[in-house]
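Read top to bottom, the protein sequences are chains Z and R.
Going by full-length UniProt numbering, the first residue of the first sequence is number 1, and it counts up by one from there.
Going by full-length UniProt numbering, the first residue of the second sequence is number 1, and it counts up by one from there.
Hints in this document: simulated from the structure, not taken from any laboratory.
Positions of the beta carbon are idealized from the N, C-alpha and C atoms, including for glycine.
Take the hints with a grain of salt, since some may be wrong.
Said to hold, decoys possible - Covered by chain R, according to a simulated footprint, are these stretches of chain Z (three or more residues, beta-carbon under 8 Å): (1) 20-34; (2) 125-131; (3) 179-189.
Protein chains: 2
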Amino acid sequence: MAGWVDTREPVLASVIALARELADPVRLTALQLLSAEGPHTLSQLSDVLGVSAPRMGNHLARLRAAGLVTVQRTGRHAVYRAASADIGDVLAALARYAHADLRIRPRRPAAPGDVAHTCYDHAAGLLGVTIFSTLVARGALRPLDDGELALGADTSALAELGVDPATLDARRRKLATACLDRVHRLPHLGGVLGAEVLGALLAGGLVEGQEGGRGLTVTARGVARLPALLPGLTLPPGSTG
Amino acid sequence: MAGWVDTREPVLASVIALARELADPVRLTALQLLSAEGPHTLSQLSDVLGVSAPRMGNHLARLRAAGLVTVQRTGRHAVYRAASADIGDVLAALARYAHADLRIRPRRPAAPGDVAHTCYDHAAGLLGVTIFSTLVARGALRPLDDGELALGADTSALAELGVDPATLDARRRKLATACLDRVHRLPHLGGVLGAEVLGALLAGGLVEGQEGGRGLTVTARGVARLPALLPGLTLPPGSTG
DNA sequence: GTCATCATTCACGCTTCACTGAAGGGTGGT
DNA sequence: ACCACCCTTCAGTGAAGCGTGAATGATGAC
């Protein structure tokens with residue numbers, strides 16, 4: 001019988017093609033952005049990523065040929081978006097593995113800001129990323145196909161964090177946004193809900209802000225309680241300041 | 001501020017390196033085999049995959065440098081194994097995405113055997129793959145680090161399929177094995193448990209064997225009941241023969 | 001109509017990577 | 001001691017991928 005390595009096998013060929021698309025920093029980051037934060041134009045992407053327009057365009061053309069992104073022309077703008085919300089799962093699996101891998105053999109000491117810091121008025125860093133993934137995993141938050149987020153059916157995870165969904169006011173500002181964390185390459189929670197969650201953690205004395213900066217410190221109380229509220233959150237030693 | 005694409009960022013660099021390792025048919029298949037079926041020697045791998053020994057060795061050296069596999073020399077054999085069981089999650093996420101992608105735009109018509117066929121005395125194909133992932137997801141089956149499988153705490157999923165865990169006799173043969181499906185690139189269930197599950201499905205009239213072959217046909221009864229037992233199982237039209 | 005902006009395409013040079021075939025160490029069997 | 005086997009390493013060749021810079025199309029503002 002023929003060997004296992006037969007690139008004519010549709011599934012194998014498809015997996016390889018997918019991995020090849022992800023094996024470039026520009027394409028990977030663009031996909032992460034499109035998946036976590038919704039549609040962007042080419043110029044937005046090339047501006048945010050800091051690469052030239054032709055370079056960005058070439059990579060987007062590849063992604064489009066691979067069926068990972070779609071493009072819609074409106075006037076002289078080309079709006080790109082992730083073709084399927086499922087790609088977020090793949091990206092998250094990769095980022096989580098890489099993250100765990102780094103924890104095993106860290107290449108640089110973990111900075112306090114890696115654990116938690118504020119992004120405007122919500123929590124970012126490892127804390128913010130874990131809040132996001134926990135809320136999504138427990139069904140309290142539901143990512144929509146266009147990058148937006150809506151409340152899910154079971155909001156018990158929110159209640160445990162000390163937030164009452166009924167009090168949220170999304171009239172003047174988006175309820176929740178997926179803000180891609182630049183360090184961890186995973187989305188963290190922004191918007192009204194992000195601010196409320198951080199407020200509840202501060203009020204509960206689980207974390208406290210550092211004076212005159214964006215740093216967040218996990219208190220002893222937080223070290224004791226957060227792992228139960230946020231499964232998967234592993235606090236490096238010394239993170240309580 | 002610097003752009004998002006900075007390969008000095010440890011997480012980004014790690015994700016890219018990981019994707020690059022997976023972007024080759026030999027490396028990907030080797031990882032799938034090591035992850036699903038446990039340790040293999042170099043010659044076993046090069047024999048099964050059908051590639052030359054130097055080629056296989058070079059790819060394994062790369063995987064070792066990337067920290068994805070470990071090697072242990074015993075005599076003149078080099079036994080390779082997956083460095084972490086977590087890599088299975090990444091591979092499964094990739095294969096699942098590719099699989100869904102192919103369902104959207106199939107490159108060849110689905111053959112009946114793609115849905116279900118026997119592998120010795122257990123179910124393979126899409127049916128077998130779905131059985132495996134369902135049992136693992138529901139905690140009835142627990143993959144161990146070395147590729148072996150053990151019963152989990154909650155075996156209700158097995159009971160629903162018509163198998164009583166107390167009747168399983170694992171003295172003469174392994175209880176359960178993860179047998180990598182060559183078509184779907186995901187593990188399916190083998191061993192005593194695999195045989196029992198297939199027996200229960202046949203006894204319940206959900207599937208029936210085709211005369212004189214390894215094909216399995218999903219009956220009308222199966223079409224009605226299997227999707228509830230195995231979430232995520234999508235039967236292509238015409239699969240009931 | 002003219003200009004500015006945005007997106008895409010082309011040609012070119014550069015780098016990186018993977019495969020082959022042969023040779024080199026090590027180990028176990030006889 | 002010899003041979004058979006397994007694994008690894010080496011040099012050489014060929015192909016593929018990537019980035020730059022300039023040119024081309026298309027659209028909207030004035």
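How the hints compare with the structure:
Only when three residues or more bring their CB closer than 8 Å to a CB of chain R does the claim for the region 20-34 of chain Z stand; here the count is 9, and the claim holds. Only residues whose beta carbon comes within less than 8 Å of a beta carbon in chain R count, and the region 125-131 of chain Z has 0; fewer than three means the coverage is violated. Coverage of the region 179-189 of chain Z by chain R holds in this model, with 4 residues showing a Cβ closer than 8 Å to a Cβ of that chain against a need of three.
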